[in-house]
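Spelled out from the first residue to the last, the chains are:
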Amino acid sequence: MTNSTHTTNAPLVMQAKGLVKRYGQVTALDGADFELRAGEILAVIGDNGAGKSSLIKALSGATVPDEGEILLDGQRIQFKSPIDARRAGIETVYQDLAVAPAMTIAENLFLGRELRRPGLLGSALRMLDKKKMLEESVARMAELKVGIRSMTQAVETLSGGQRQCVAVARAAAFARHVVIMDEPTAALGVKEGNMVLELIRRVRDKGLPVILISHNMPHVFEIADRIHIARLGKRAAVVNPKKISMSDTVAVMTGAMAATDLPAECLA
Amino acid sequence: MSSTASKLPPLATLGPFIALILACAFFATQSERFLSAQNFALILQQVMVVAVIAIGQTLVILTAGIDLSCGMVMALGGIVMTKMAADYGLSAPVAIACGMAVTMLFGLINGLLVTKIKLPPFIVTLGTLNIAFAATQLYSGAQTITDIPAGMTALGNTFQLGQTAIVWGAVLMLALYLVTWFALRETAPGRHVYAVGNSPEATRLTGIATDKVLLGVYVLAGLFYGIASVLSVARTGAGDPNAGQTENLDAISAVVLGGTSLFGGRGMILGTLVGALIVGVFRNGLTLMGVSSVYQILVTGILVILAVATDQLSRKGVR
Numbered sequence: 144m145t146n147s148t149h150t151t152n153a154p155l156v157m158q159a160k161g162l163v164k165r166y167g168q169v170t171a172l173d174g175a176d177f178e179l180r181a182g183e184i185l186a187v188i189g190d191n192g193a194g195k196s197s198l199i200k201a202l203s204g205a206t207v208p209d210e211g212e213i214l215l216d217g218q219r220i221q222f223k224s225p226i227d228a229r230r231a232g233i234e235t236v237y238q239d240l241a242v243a244p245a246m247t248i249a250e251n252l253f254l255g256r257e258l259r260r261p262g263l264l265g266s267a268l269r270m271l272d273k274k275k276m277l278e279e280s281v282a283r284m285a286e287l288k289v290g291i292r293s294m295t296q297a298v299e300t301l302s303g304g305q306r307q308c309v310a311v312a313r314a315a316a317f318a319r320h321v322v323i324m325d326e327p328t329a330a331l332g333v334k335e336g337n338m339v340l341e342l343i344r345r346v347r348d349k350g351l352p353v354i355l356i357s358h359n360m361p362h363v364f365e366i367a368d369r370i371h372i373a374r375l376g377k378r379a380a381v382v383n384p385k386k387i388s389m390s391d392t393v394a395v396m397t398g399a400m401a402a403t404d405l406p407a408e409c410l411a
Numbered sequence: 123m124s125s126t127a128s129k130l131p132p133l134a135t136l137g138p139f140i141a142l143i144l145a146c147a148f149f150a151t152q153s154e155r156f157l158s159a160q161n162f163a164l165i166l167q168q169v170m171v172v173a174v175i176a177i178g179q180t181l182v183i184l185t186a187g188i189d190l191s192c193g194m195v196m197a198l199g200g201i202v203m204t205k206m207a208a209d210y211g212l213s214a215p216v217a218i219a220c221g222m223a224v225t226m227l228f229g230l231i232n233g234l235l236v237t238k239i240k241l242p243p244f245i246v247t248l249g250t251l252n253i254a255f256a257a258t259q260l261y262s263g264a265q266t267i268t269d270i271p272a273g274m275t276a277l278g279n280t281f282q283l284g285q286t287a288i289v290w291g292a293v294l295m296l297a298l299y300l301v302t303w304f305a306l307r308e309t310a311p312g313r314h315v316y317a318v319g320n321s322p323e324a325t326r327l328t329g330i331a332t333d334k335v336l337l338g339v340y341v342l343a344g345l346f347y348g349i350a351s352v353l354s355v356a357r358t359g360a361g362d363p364n365a366g367q368t369e370n371l372d373a374i375s376a377v378v379l380g381g382t383s384l385f386g387g388r389g390m391i392l393g394t395l396v397g398a399l400i401v402g403v404f405r406n407g408l409t410l411m412g413v414s415s416v417y418q419i420l421v422t423g424i425l426v427i428l429a430v431a432t433d434q435l436s437r438k439g440v441r
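Protein chains in written order, with this note's numbering: chain G, 144 to 411; chain D, 123 to 441.
Among the hints, erroneous ones may be present.
Chain D residues, not near chain G, derived (Cβ > 12 Å throughout) [to be verified]:
#	residue
1	A150
2	C220
3	G249
4	Q265
5	D269
6	A276
7	H314
8	L408
Stretch by stretch, here's where chain G covers chain D in the computed footprint (C-beta under 8 Å, at least three residues) [said to hold, decoys possible]:
#	stretch
9	305-313
10	316-328
Below are the DSS-like pairs computed for lysine-lysine, each with C-alpha atoms no more than 30 Å apart in a straight line [stated by the list, open to error]:
#	chain 1	residue 1	chain 2	residue 2
11	G	K223	D	K240
12	G	K160	G	K334
13	G	K274	D	K334
Source of the hints: derived by calculation from the structure; they are not laboratory data. Being a predicted model, the structure only gives us computed values, none of them experimental. Glycine included, each C-beta is placed from N, C-alpha and C at the ideal position.
Turn these sequences into a full structure, and let the hints guide you.
Put into structure tokens, the structure is as follows:
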């Protein structure tokens, strides 16, 4: 799964066909297609208004598209809310550090999915199994090699990058099919951003495909296996970052170059 | 695991206990009657109403809200339950249930306005404070209701512990603190109350129905105010239309003195009990010293500002 060149033949995990989303007079998605393959990091880039965030919202259940269909492992799915998407095994990490600062790391990892004690303590008294949640937190964080020692420290005592690592680790721990990351490094400095990128790579290596939305071209080129370029509500092209230059990618994204003018080996 | 302690700066956790001990030490030097079992039993009896209101208030403040209507809703509950018994001859349990239904209805209204119309809790409860006050005066005709069955004041009865007579209502109050302490600390809904106060957006994104948590908190607060109504009626032996006026701000004072942050998401229910005891000890001690009640209110005001300032300053290092 770690080899990133094989992914064009890997099976499709998530697929969207002809998505249309209109907001009044504005057409945000105009027949957009999308394909995510097993074991890859797929970056989604696009200028403002290219339909990038509408696409992600449709995939994560935050909006319902007007037309088109979404398939997960070949099955047609319809999400009415992000909770539906989560139930289907799709976890989303949001840009603005979606963690509760005064609560501990372990509590944040299990927030909304708490484990209860076995037996009467759990069923009658609804008592939480704090010990088990703590142990699982340690195990999950160790698996992803997140170097945070104490799971009982409050999230607010962590740096921005470490907090984002907690959010990513939570998504990776509970996702069964896909992890969507919306600008996970946007608020971070260079070192902290690299720490999160490293973690995203480990999530992929664990076997979970990742959809990465980012404006940061160096980050995209450093980490993505394929790049989905959104433009004018459609998919302009999917390119291979190993074969295409950053400037050509930006040219396609902004419309300065047509995707049809790209050499065939650049496409993925 | 010191998970709870690590969430709060040491000062916010220990401060209330230290303040309570210092206050007791001070009053012990001022009055020889202060340090007696009888006097502590009296303090418990004096604080039980405020302390139970303060449980509901703590829940609301933990969600970064505030309930200004608490004391007035408690007074209305007391009037409703005593009128039901006096006017319609309802038995004590039925009349009490009617009063508690009214306090919970007020909680529901507060909660619905906060969650569905997204009004700030301060404004909503300022409105319901006035509505509950007016309803109390209108329904009672500003008359005290004394013709009530003995069953309604049962919690005002005492039992002997050694030489000391302890009121049953104080036992109920302590039991309610233990139950709330357990629920907030050891159950998922309890943790969700903290999470909602801490970061509503992050909590919503994890799939927790934050509106349901908030609504539940306001209705539960109404339940606690209803229990406080029973205790108030039991303590005074009557439905008093002028009840709740000092309790309203004393309950908020107790929460703040107990170290719960007005910004939500941080605090401990047992701190509120200590905060209520601080308010009670000051009232009791100053009375024993012969200080007039106006100065007692003055001291409570200064204490609250000190507590909030301590909260603010001790968090600067964390943020």
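For each hint, the structure was consulted:
1. A150: Holds, since 36 Å exceeds 12 Å.
2. C220: Given that every Cβ of chain G is farther than 12 Å from that of C220/D, nearest at about 30 Å, it holds.
3. G249: holds, 30 Å
4. Q265: The claim stands: Q265/D keeps its Cβ more than 12 Å from every Cβ of chain G (closest is about 44 Å).
5. D269: It holds; D269/D is separated from chain G by about 42 Å at its closest Cβ, greater than 12 Å.
6. A276: holds, 28 Å
7. H314: At roughly 8 Å from the nearest Cβ of chain G, H314/D sits no farther out than 12 Å, so the non-interface label is violated.
8. L408: Answer for L408/D: holds, closest chain G Cβ roughly 35 Å.
9. 305-313: holds (count 5)
10. 316-328: holds (count 9)
11. K223/G - K240/D: holds, 23 Å
12. K160/G - K334/G: violated, 38 Å
13. K274/G - K334/D: With Cα atoms ~27 Å apart, K274/G and K334/D stay inside 30 Å; holds.
Consistency with the previously given hints fails for numbers 7, 12, ordered from lowest to highest.
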